[in-house]
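Required output: the full structure, derived from the provided sequences and hints.
The residues making up each chain are set out below.
2 protein chains.
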Amino acid sequence: MASMPTVTDVALAAGVSRQTVSNVMNSPGIVRADTRERVEAAIAQLGYRPHASARRLRTRRSSTIGIRLDPMIDGISGSVLDRFLHALTEQADKQGLRVLLFTATSPEDEIIQLQRLNDGADVDGFVLTSTFAGDPRTKWLIENKIAFVTFGRPWGTDDVSDPQHLWVDVDGWAGLHEATRAAQNAGARRIGYIGWPSSADTGDDRRRGWHDAMHERGDVTEADLTKLEVVTVDGVAEGTAAMQDLRRRAGPLDAVLCASDSLALGAMIANPERVPVTGYDNTPVAAAIGLSSVDQSVGEVAAGVLDLLTGEFGGQIHGAPESLQPRYQMIRPRLVTRAFAAIPMEVLA
Amino acid sequence: MASMPTVTDVALAAGVSRQTVSNVMNSPGIVRADTRERVEAAIAQLGYRPHASARRLRTRRSSTIGIRLDPMIDGISGSVLDRFLHALTEQADKQGLRVLLFTATSPEDEIIQLQRLNDGADVDGFVLTSTFAGDPRTKWLIENKIAFVTFGRPWGTDDVSDPQHLWVDVDGWAGLHEATRAAQNAGARRIGYIGWPSSADTGDDRRRGWHDAMHERGDVTEADLTKLEVVTVDGVAEGTAAMQDLRRRAGPLDAVLCASDSLALGAMIANPERVPVTGYDNTPVAAAIGLSSVDQSVGEVAAGVLDLLTGEFGGQIHGAPESLQPRYQMIRPRLVTRAFAAIPMEVLA
DNA sequence: AGAAATTATTTGATCGATCAAATAAAGTCA
DNA sequence: TGACTTTATTTGATCGATCAAATAATTTCT
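Respectively, the protein sequence lines represent chains A and B. For the first sequence, UniProt numbering begins at 1 and goes up steadily by one. For the second sequence, UniProt numbering begins at 1 and goes up steadily by one.
Incorrect hints may appear among the rest.
All copies of an identical chain are treated as equivalent in the list; a pair is satisfied when it fits inside any one copy or across any two copies.
The list that follows gives simulated cross-link-like pairs (lysine to aspartate or glutamate, DMTMM-like), each with its CA atoms no further than 20 angstroms apart [said to hold, decoys possible]: (1) Lys94 / Glu108; (2) Lys94 / Asp70; (3) Lys139 / Asp119; (4) Lys139 / Asp219; (5) Lys94 / Asp119; (6) Lys145 / Glu108; (7) Lys94 / Glu110; (8) Lys94 / Asp109; (9) Lys227 / Asp245; (10) Lys139 / Glu110.
Source of the hints: derived by calculation from the structure; they are not laboratory data.
Printed below as a string of structure tokens:
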């Protein structure tokens, strides 16, 4: 038993043919019960494991999905993608799928990598993250009819109700809408917002969540609403500066919502009155510090991605046009409420 | 051109045999220059890509390494392994290696997964992280003669100079020794240490780095040294509590070193005098907050791991006993110095 | 130049599984 | 029972590459 047993060995041991062994593994339904049991016993007894590469060569599918690992990002929020990766790997495992990583230095380089993995039959499809408007990767993948799903809606160019590719995204609007509502229900009226410059689609989406919720309640004038908003690039120091700015401009605040945990952490530092601050992404830092935060539910996103990738479409839109299966999934984030538990601010004063 | 071209197509186009095409790719040296060029031209022209699974089936090697992705850890320091994964993927890519992820719910389950991937010829070897004393995984891998390298030295059982398996680790002692020295050189005398209970080997290692450096300098009495140390489990709140404790017990401090960034972040919160605090792991949080921290140099670790895995040993010790190649690598971490830049503490007072 | 040694290239077999088509066995109905 | 379906199982070919051994081309040496 120098090497692993093969189907032939199992077939011999069970007194059946190779194909029957194969059938027991792939379409157990068509094998008579007693035969199946005999084969299964032989498999167990010999410790047989199918040779993945051999199977792939023949079936032309790898049961593997590729995902790019972003280069190290110095920033708290990078961990969202890491958590997504965790979730994806776990969920994929349950479906017998493997996750293969790769790196790329630019979108163009990434396309080369996509091609390599696809041509080498290494993967059945891809999961794309960090998509952006006019993303060349999605265009290329569609043109080459390669199965893929994006984590992130197709910003800009696309009509949400008839997307050109499959996607899953988190509803940032809903997240901030809910966070705003929660603050309002807790009695807050003057709720500030620290967001990103409107070049980022994601940022606009979140901002509208807050803005709409404030409008709906209507207990703040339009002029005040403008004062309650500060725009800055992401970062802890930027958050601190923005918070100081906000307090100066808007006067007393009942609560502050931020577009990211980085900003929220920064804001909290310039927050002697302990105004409740809510971040976004529910990063480990938020948990550690005791910040409320909007959680992207990466688990649900991962499940949705795999759903679309393995589901009816097989990761592609073209070729299954009549289906009623949804072509995208908008995941509702959930608000995690915390109360600065970890921060005994008294020691600071 | 419905499907991808194969070696045969290339051979036909270049007017040579299959094997010559194969040689051009795998042992270019034995092919005459002009023939090689002709084949390379054909490859480029047809856009030929070798079929990975077919190659694997024949060669019985996959050019893929497996690594387990830990279940989501709620903690700041989890990101070290994520960063290691980034680095590993990048380095592996340079050597034409792929990284395949898997998950497991327990060490026992992990062994099952290891077996599956190995038997299916999915991977050539493994990288193990988070090893611990008496780890059943390493035992099993050695017994089954499967190539692997651990990130983490074999704690306890093993003799470092003659290890039973290949490993790479970061010298926590050196990290804290250097951090202590740096503080001393900056004029600090009373340098506190917030560490973990001594059940954790890693923690003891770091603690000794501080302790030894303090001893060497000798400007603090042994009695004082005891007062300068606080032990607690990991966590931000715990760090805050430990810092308060430390200030109470040890009186005035010149600097504080911590066994983790979580503790350091916590400590910083109970630090109105702005005593320099140094953490460990150089997590994004440390960067964001402006904490000094000991960086584990995951890039070097990744390079070392791949070195051992693909090097002379081929990931195994048995079978290459005479080699002078080192069987392990101890990576020196590097101290990243920051100055609370992101934290304008004035706003707190 | 011609034999021997070296280098370059080709041929047939093979890795381990599944597909497609053929055969055997079991079940159905007049 | 015998012809006719339906279900179960087997056989031969194949996926795309590389290995091992055979052949062809080239170089070396006397």
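Hint by hint, which ones does this structure get wrong, listed from lowest number up? Violated: hint 4 alone.
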